[in-house]
Amino acid sequence: MLHILYIIAITAEAMTAALSAGRRNMDWVGVCMIAWVTALGGGTIRNILLGHYPMTWVSHPEYLLITAGAALFAALIASFMRRLKMLFLYLDALGLVVFTIIGCQLAEEMHLPVIIILLSGMITGCAGGVLRDVLCNDIPLLFRKEVYASVAIVTGGVYLGMEALGSSAQWATVIAAVIGLILRLLAIRYEWQMPKFVYHEEWE
Amino acid sequence: MLHILYIIAITAEAMTAALSAGRRNMDWVGVCMIAWVTALGGGTIRNILLGHYPMTWVSHPEYLLITAGAALFAALIASFMRRLKMLFLYLDALGLVVFTIIGCQLAEEMHLPVIIILLSGMITGCAGGVLRDVLCNDIPLLFRKEVYASVAIVTGGVYLGMEALGSSAQWATVIAAVIGLILRLLAIRYEWQMPKFVYHEEWE
Amino acid sequence: MLHILYIIAITAEAMTAALSAGRRNMDWVGVCMIAWVTALGGGTIRNILLGHYPMTWVSHPEYLLITAGAALFAALIASFMRRLKMLFLYLDALGLVVFTIIGCQLAEEMHLPVIIILLSGMITGCAGGVLRDVLCNDIPLLFRKEVYASVAIVTGGVYLGMEALGSSAQWATVIAAVIGLILRLLAIRYEWQMPKFVYHEEWE
Numbered sequence: 001m002l003h004i005l006y007i008i009a010i011t012a013e014a015m016t017a018a019l020s021a022g023r024r025n026m027d028w029v030g031v032c033m034i035a036w037v038t039a040l041g042g043g044t045i046r047n048i049l050l051g052h053y054p055m056t057w058v059s060h061p062e063y064l065l066i067t068a069g070a071a072l073f074a075a076l077i078a079s080f081m082r083r084l085k086m087l088f089l090y091l092d093a094l095g096l097v098v099f100t101i102i103g104c105q106l107a108e109e110m111h112l113p114v115i116i117i118l119l120s121g122m123i124t125g126c127a128g129g130v131l132r133d134v135l136c137n138d139i140p141l142l143f144r145k146e147v148y149a150s151v152a153i154v155t156g157g158v159y160l161g162m163e164a165l166g167s168s169a170q171w172a173t174v175i176a177a178v179i180g181l182i183l184r185l186l187a188i189r190y191e192w193q194m195p196k197f198v199y200h201e202e203w204e
Numbered sequence: 001m002l003h004i005l006y007i008i009a010i011t012a013e014a015m016t017a018a019l020s021a022g023r024r025n026m027d028w029v030g031v032c033m034i035a036w037v038t039a040l041g042g043g044t045i046r047n048i049l050l051g052h053y054p055m056t057w058v059s060h061p062e063y064l065l066i067t068a069g070a071a072l073f074a075a076l077i078a079s080f081m082r083r084l085k086m087l088f089l090y091l092d093a094l095g096l097v098v099f100t101i102i103g104c105q106l107a108e109e110m111h112l113p114v115i116i117i118l119l120s121g122m123i124t125g126c127a128g129g130v131l132r133d134v135l136c137n138d139i140p141l142l143f144r145k146e147v148y149a150s151v152a153i154v155t156g157g158v159y160l161g162m163e164a165l166g167s168s169a170q171w172a173t174v175i176a177a178v179i180g181l182i183l184r185l186l187a188i189r190y191e192w193q194m195p196k197f198v199y200h201e202e203w204e
Numbered sequence: 001m002l003h004i005l006y007i008i009a010i011t012a013e014a015m016t017a018a019l020s021a022g023r024r025n026m027d028w029v030g031v032c033m034i035a036w037v038t039a040l041g042g043g044t045i046r047n048i049l050l051g052h053y054p055m056t057w058v059s060h061p062e063y064l065l066i067t068a069g070a071a072l073f074a075a076l077i078a079s080f081m082r083r084l085k086m087l088f089l090y091l092d093a094l095g096l097v098v099f100t101i102i103g104c105q106l107a108e109e110m111h112l113p114v115i116i117i118l119l120s121g122m123i124t125g126c127a128g129g130v131l132r133d134v135l136c137n138d139i140p141l142l143f144r145k146e147v148y149a150s151v152a153i154v155t156g157g158v159y160l161g162m163e164a165l166g167s168s169a170q171w172a173t174v175i176a177a178v179i180g181l182i183l184r185l186l187a188i189r190y191e192w193q194m195p196k197f198v199y200h201e202e203w204e
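Quick note, the sequences are listed as chains R, X and G, same order.
Once you know that position 173 of the first sequence is 173 in the numbering used here, the rest is easy, because the numbers rise by one and skip nothing.
Once you know that position 134 of the second sequence is 134 in the numbering used here, the rest is easy, because the numbers rise by one and skip nothing.
Once you know that position 135 of the third sequence is 135 in the numbering used here, the rest is easy, because the numbers rise by one and skip nothing.
Bound-form chain R, shown alone:
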């Protein structure tokens, strides 16, 4: 079940990433690379940091084909994708909570401390978007806008909390995913923003 949602999520992430690449006038290599980095980069960075080999896409190279295909398809139907903007925002929210829970589960299986489990979920959910923004030469959106990383933390927290209360992993996953999704959709709907720290002093 989580596996199917994962495939849907990486496909959707790859398609929106293709539009980011298009706004930077990239060629088809750039489109595929940005799609891979956005859809699979979060899990990759998590695995590198935790020393967990092999990478998901090395054991499942079909994910590379799926995401590349989705990205090139999105480039073809770019003018149509505009009308699906809300759908893709929802799929991105789905991806965020699914990636986060998968990241938490992996760190749990490695018997890592609670903070690292939460961080593993957050990195899996968010780092792909950060990599995309670095490669597109932007300041990562994650660091500046919207309730996004916070959703990953809440999702991971609910998941761990449910398990600590004696819930099965299945129920913890469902409840954490639903709460995370609702939170993210509310954030999109009401345009919630995190308080910003603005500092204009020149320091060095």
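Hints are computed from structural coordinates only; laboratory data are not their basis.
Bear in mind that the values here come from a model prediction, so they are computed numbers and not experimental data.
Yeah, the Cβ is synthetic: ideal placement off N, Cα and C, and Gly gets one too.
A few of these clues could be false.
In silico negatives: residues of chain X with every beta carbon more than 12 Å from chain G [claimed, not checked]:
no.	residue
1	3
2	21
3	30
4	110
5	113
6	135
7	157
8	166
9	168
10	181
11	182
Computed footprint of chain X on chain G; a stretch qualifies when at least three of its residues, placed anywhere within it, have a C-beta under 8 Å from a C-beta of chain X [to be verified]:
no.	region
12	47-57
13	85-91
14	154-165
With chain R's structure known, arrange chains X and G on it following the hints.
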């Protein structure tokens, strides 16, 4: 033989990288760093992603000295290097195919799937330039211009195809390198460009 | 002793990193991320390159809490921190030499060649700042300004030199730290700059 070409290629990559650093007014530390990242970064990223330790430059620290020396030498003779522009474009093309084949061979020895072997070649051939552009605060050139990553894919494909047809690794290497080189030189000569995906809609 | 200085240094690095994040109008997630990357990123990159697992902050997750807390505290008292500018420049110099020596020691314990030991020290001391600048969408300051990486090289060189002369690791640490600190403070005081390589020719 491939080893000698590899040394020539990292030396040439380090020298052109030094000029990139110079265009950004970097000091000698920056010149060395950009040279290392450009010449050795592709193989390093591949090794990190595939979990292949130790790094080439840890077992062969002399590569660090060679590339740093070449970069500082290039900075010294910068005004003269201008006249050698075509020579260095050719050496860069040589580096691209040599790095690609080395990357394919390494993934082959690890018994990875075909797609990963191709990707390993592409990352080895191209990722150094991407890292250089990120550190110089540019949108990676690879994603926007020229037939470059495509040459890596064709080179790797010919190499694997030859082997599938029963050829020895030596012959596969020679044929793949020659075809890759010719393709890249034609791309330089006729200024081939990949089709771009241009998308100006604001999305989110 | 080195351990206590390490805690002080990552706290100080996290606090100055928070101000960098504030200048880019980041939210609290961005502030924490930039703090983590700046304070712990050098050691993390070193561990990834050397294949040394687990990461420091996985075995000591309390470092994540300390640095995040310090960064958020710095954001709260930002207007006051301005007056402490010199104090934080000194603490940053302390961090540079402490991180460098820790990086050298780790590579030494792995029985790596001398060049790699020096590089390991330099990466540990300097890479956090490079990552911070990449995420803030700047050309890394390290590559353009000031006697900074050179201090790391001298510190590592003195440390290794002392040991080669038969000194104990303790004495080598003390002498290398003192010489490194003096060099960095002189560089700040007299605004030393490394010679730059400026090159305006368009190349390709």
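query = What are the numbers of the hints the structure violates, in ascending order?
reply = 2, 3, 6, 13 and 14
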